[in-house]
Each structure stands twice: as structure tokens, then as C-alpha cells.
Amino acid sequence: MRISRRWSLLLLSLGGLLAAACGAPASSKDAAEAVQARPLRSGSPRAVRLASGKAHSLLATPDGTVRAWGDNASGQLGDGTTTQRSSPTAVPGLAGAVAVSAGGEYSLALLGDGTVRAWGNNTYGQLGDGTTPHRASPGAVPGLSGVVAIAAGNNHALALLSDGTVRAWGYNAYGQLGDGTTTQRRTPVAVLGLTGVVAIAAGENHSLAVLADGTVRAWGNNTYGRLGDGTTTQRTSPVLVSSLTGVTAIAAGANHSLAVLADGTVRAWGYNASGRLGDGTTTQRATPVAVPGLTGVTEISAGGGHSLALLADGTARAWGSNVSGQLGDGTVSNRTSPVLVSSLTGVTALSAGGNHSLALLADGTARAWGANVSGQLGDGTTTQRTLPVGLPGLTGVAALAAGGYHSLAVLANGTVRAWGHNTYGQLGDGSTAQRTAPVVVPALTGVVSLTAGYDHSLALLSDGTVRAWGNNASGQLGDGTTNQRGTPVQVSGLTNVVALSGGKLYHALALLSDGTVRAWGYNMNGQLGDGSTSNRWTPVAVSGLTNVVAIAAGGDYSLALQSNGTVQSWGYGVYGPLGRDYDTYSPTPKAVPGVTNVVAIAAGANHVLALRADGTVYAWGRNDFGQLGDGTTVQRNTPVQVPGLTNVVAIATGWDHSLALRADGTVYAWGYNYARQLGDGSTANYRQTPAPVPGLTNVVAVTAGGNQSLALLSSGAVHAWGDNSHGELGNGSTLTPPAPVAVTGL
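Throughout the sequence shown, residue numbering follows mature numbering (1 follows the signal peptide of the UniProt record, and there is no 0), covering -26 to -1, 1 to 720 in sequence.
Everything labelled a hint here was simulated from the structure, so no lab data went into it.
These numbers come from a predicted model, not from an experiment.
Do not take every clue at face value.
Estimated spans, in silico, between C-beta atoms of each pair [as the list claims (entries may be wrong)]: (1) G706 - S517: 29 to 35 Å; (2) T206 - T640: 22 to 28 Å; (3) T620 - Q464: 40 to 46 Å; (4) T640 - V608: 26 to 32 Å; (5) T55 - D187: 42 to 48 Å; (6) S136 - T206: 32 to 38 Å; (7) V306 - A236: 46 to 52 Å; (8) D187 - G270: 19 to 25 Å; (9) T657 - T406: 28 to 34 Å; (10) D588 - G238: 43 to 49 Å.
C-beta atoms are modelled at their ideal positions from N, C-alpha and C, and glycine is treated no differently.
Please build the complete structure, drawing on both the sequences and the hints.
See the structure below:
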């Protein structure tokens, strides 16, 4: 499953449709959360990256991390606290997420390896881990693999497997798990008699599934006729929804259901208070009825008491309850027929929550409207909005990368900017002129992520191919030559790439969608992991690696993170970066002992950071400048914990310095500081323990080059600090500032 897709879409393709659902408290008909449905294409699900719960919201970003905001009373934001958040906050301990779904007071994330993570309220076992205690940080749903879609109801959850069957767990008083009983399940069980399923949706206490033949099955609570079988009889196993064929999308709200047909029209059934069925009445319907006046619909979403539809022209329609302005038409009047959501064009995705709504636009921005008492709109306030407002942090720069003496940024439109040292053409603008402010890398579009080596650059495109430019003396551009390239060229033979790492020197790594790794470039110390010490001008397979979810290339060594949270290392280990006290050289991967539950890795010149699921950080390797952060300058050949760091959500390493981004949006730095790359305003040569970078708040991503550091803020702005002798800070100067400065022209 590819996790590379343009930020401007904020969606990842798994092939076709996914219905991601949210529910509401069992005691309330109207405080349900959304089910987001997608058009069926080629019979397989498409990942949903935007989800809204009763009073919280989730976003999975293209780099595999998750942002959450809103109510957090049960830990549903996953940041290890129960503190409400009114702006997007990173969920620590999650890497490789390709889809999210928000339940009543809990959350689900689907990872690229087909496993599921869950967190939040667990009263009814809806986290699927066999327990009932709430969880404020993500944990695995045991026994689930091969998952291609997830759907979170109010207090129950569904998972669609690649074989077309469905698993369910959590609350089951109404038979919404579909296993023929009303017994609560704390771990996943099979839904009876379902095969050939291509999409799922979960409402308050009912469930829906679309089959490959375009028909729909429903089960669970049938009060108000929400199962659409012409009765109000509760069903503990799936039944056919009457008179529905050619269905291309489904959505389940609190007590109503929606379906899009192949002709772009919509059908609705179930509870109809406030007009949520959109048929011009408030009459309950036990079988599907047409929503008049709607054509060209490509996507639907059902909330607590309202419904949303996305049209092929990029506009949105809304109907039903509007007490909190969740219809986005500037009023608080209920609507029994669809109305235009004001000022929204270029919409690519919608999600309806309990009483709020979210939209993603083609330009990579996001809008939100409706209830906001818990900050679920993510605009930094708790003010109700009857018209769409922008969400901070979802515009401008989408990702950053820093090389030896140059820096890169990919924008929301998939284009790239570069600045700094350019002797080898590493800026990709066709020249070798140094640039102190960002310039466009020409003829490069559809970029979803970047990485930079010492003096070369790599870009991952949305089609899973890779482009490279800059120095190529060791074949690090992977084009089969050693010719320097001043503009991007394609890396030979690479497809289905989901992640890149450019290394601190002259080699590169690529992670493929099947969990294997390719390597190329300099290999004198076995850093390519193919068992040899021969340079490779085109990518070769790293021996024996499977189930990899993240990669990191250091100076003369490499790392891989596997889906079980363990780390593999290979290459040159004299300074300890292999993490094994008995090993100074390994041309093939071996496990790093002593560190588990790892969710992210970062490789410096000769030191390593590992972020664990609990938000703590471990380090090993060279430490002569305190880059391990353990208060010493003693080299560590095995992992040690970095003291005093908690709630970390991202890590980055320069040559000899380290950065950590915490869930509260602050950044900590330690290690070498000769070029002020720690950003603390001091001229101390190094720091042995982490310290905050003053003046930096609302940070959502960090990266580190050789001796420079960069941070992406929620506003979309970029700040940089450290060595600027080649203009790598991008502020139009070559002077080294004492503290972070804004990168201009982005």
C-alpha cells in the first residue's frame, strides 16, 4: 500500500473506496459522528485521510503521521494526555499511517503494513486489544493483518480485509458486530456470511457493507429503519438493503444511512428528524428514497444529524440538522433538502462529525465549520462557525529536507524549492550558482516527499518513481552513471517507492510498498546491505529485509525499522551506530538489541535516534559532542534513553546534532553547536542534554542537514537556524543568525 500521495490531495490510493465511519453516544440520536465514503473504483478501498468524530478530528498526512484536534476526554487525540486541543497536534508513536477513522470518543489508524492502531475510550472493548481501560496513545489491535479499510462507529469498529471479509469488535448490544450475537467483543471477530466486500461503514449502532456486485448489506440496530430492509427489526447478521444496486459509495450516520449510485444520484433511509435524509420531508424511511435535485455526486458523509455530498465539480451540498451551523450556509436553520455549502470550491474530500464538518481542497488547504466547543474545527478557537474557515498548518510547505549545505522544500502543489550550496547542481535549477533564497526546481511536479544527501537530492513522485540530481561520483543518483546532474533525472528501475533516505554522505535508500528496501551509491563499508563493498550505480535489494516501514541512511551505515517495532542496521560501525557492542562492520542487516516498540528512526553521521511508541527517545553511536543527549560524551555501542524527553512525536539528526519535536509543538536540540545549529542563542561548542529552541512554537515538522536545522510551523511558514555560509537557511543572507529566522519566498 503506497503511502505516497500529493499533499494537495491529502489522500492515498489503495485502489478504490474506503468508508470511514464515526458514531455518537448511545444515548443520543443526534450526536453521532461521521462516516466518510468514497467512490468505488476497481473494487478495492481507497484510504481516508480525514475523519471527524463526535467532537474530535483526525488527519493522516502523506508522511504517515497523524494530526488530531478537539475533545480529548478519553485520550482520543492519542497524544498521551486528556487535554483538549483547538489546533492540530501530532499523535506520537504513529508512523506509516495511510488512513484514519474517528469513533465516538476513540480513534483508529490503518498502517501501510495492513495492521491497525487504536486509542481513546475503551469502555466496550472498541480498541480491540482484549481490555477495557482507556488508552491515551496508540496501541495495536492484535490479530489483525491484511487490513485495507477501517470504520469506527460510536463504540464499535470494523475492518475490511484484503480477502473481502470483515472483522468487527466493541459494543454489540444491537448486533452491530454482525456475528449473530449481542455479545460485546474486545477482540476482532468475523462478520457472518460476508465475502466480496469492497467498502464498509459504521454508524452509531449499525453497520453497512458494499459488495463487489454493487449491492449493500446492513446489520445492527434497526430503529427508524436505518438498515433499509423495510422493517425496524434488529439484525445480528447482515441483511440485504432493499432495492439498491449499482452502489458506488456508502455512509452511516447516527441513525440514518446514505448511498451513492453509479449515475451520481443519492439514496437515503432511516431516521429523518431535521431532514437528514434530504428528501424534503422529516418522514422516517425504512427503505431507500431518492434525494431530489442531487446529481454528479462522487462522495457522501453522514454525521450526527446532517449529511454532506461532494459533487464532481468540486462543490459541496449539505442538509439536515444545522443547530451549530454544520451545513455551512451561514445560517443555523435546518434544511430538509440539499443546500450549497458557501464559498467552497475545489473540494476533494468531506467528513461530517457529530455537529461539525470538514473539507479538504485541491490546493492542499482545509476548511471546517459547525460546532467548536471542544476545538474540533482546529482553527485555534472554540468559536462556532456557520461558514467554512481555514485550518492553520495545512497550507504552504508540505515537507522539508536538508543536505550537507543545501535545503529543500516541497509545496502543497507538488513543486519543489531549493536553496544553499550548489557546486554539484544539488539545487536542481540547471546551474551551479549558490542560492541564498529558495528557487524553483524546474520540470518537477507531483512530488510528495524529499530527501537530501551530502551534495545530492532525491524526490519521490506520486506515481512511486524517484528523481535525483546533484553529485554522482559514487552513483548516488542511481541513474546508471557517475555523471553529475544539474537537473532531475529518473532513478533507474524504481517503482512503487513509498519512502526515501538520502544519507548523510553518498548513498541512498528507497522503501518499496512491499516492505523491501533498495540501496545505491557508495558502498565501501557495506552500507548498501547487499553483502558486498562494491559501489552500485543503480538500486540493488538490501539482503533479507522484509516488513520494513521506515528507513534512514547515515554516514557509512544504514537503518531499517520493521513493522514489529524493531530496528535493523548495517554498514560501518566503528563509532557505534550499528547499536551492537560486538559489531563494527556488517555488510548485511542485523537486529539492534535493547530497543523495542520503535516508531521512527533518524541517522546522523555516526549517531542514531529512535523514537518509541511511548514518546521517549533512545540513542546510540558517536557522542563526542553530546549528540546522544545522555549528559555525557561517552560513545554508546548499544541504545540508551535520552533523559528528560517525553511526548516526542518526531526526531531528526544532523551530522552531529539532534532534534526532537514534542506533541505541544516545541522543539528540543542537543549535540554539536559550533554553527549555532541548536538554535538556543548560545555560542557553546556543544550541549550534552536536550534544551528547548527558544521562540519556536506550533511546529509540525523538523529536519536537520549537516549543521543546519529547519522547522515547519502550523502556519505553513518555515524557520531555519545554524550554518548559513552557503545560504542554506534561505533568508537571503550568508550570515549565521543567533536564533531561528524565517525562510523567505516560500
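Tested hints:
1. With their beta carbons about 46 Å apart, G706 and S517 fall outside the hinted range of 29 to 35 Å.
2. Look at T206 against T640: about 53 Å separates their beta carbons, and that is not inside 22 to 28 Å.
3. The given range of 40 to 46 Å is respected by T620 and Q464, whose C-beta atoms sit roughly 43 Å from each other.
4. For T640 and V608, the Cβ-Cβ distance of about 27 Å falls inside the hinted range of 26 to 32 Å, so the restraint holds.
5. At about 46 Å, the beta-carbon gap between T55 and D187 stays in the expected band of 42 to 48 Å.
6. Evaluation of the 32 to 38 Å hint for S136 and T206 yields a pass: the beta carbon distance comes to about 35 Å.
7. For the pair V306 and A236, the beta carbons lie near 35 Å from each other, so the given range of 46 to 52 Å is not met.
8. Between D187 and G270, the C-beta spacing of about 24 Å keeps the proposed range 19 to 25 Å intact.
9. Between T657 and T406 the C-beta distance comes to about 32 Å, which sits within the given range of 28 to 34 Å.
10. Distance hint check for D588 and G238: the Cβ-Cβ separation is about 47 Å, which falls inside the suggested range of 43 to 49 Å.
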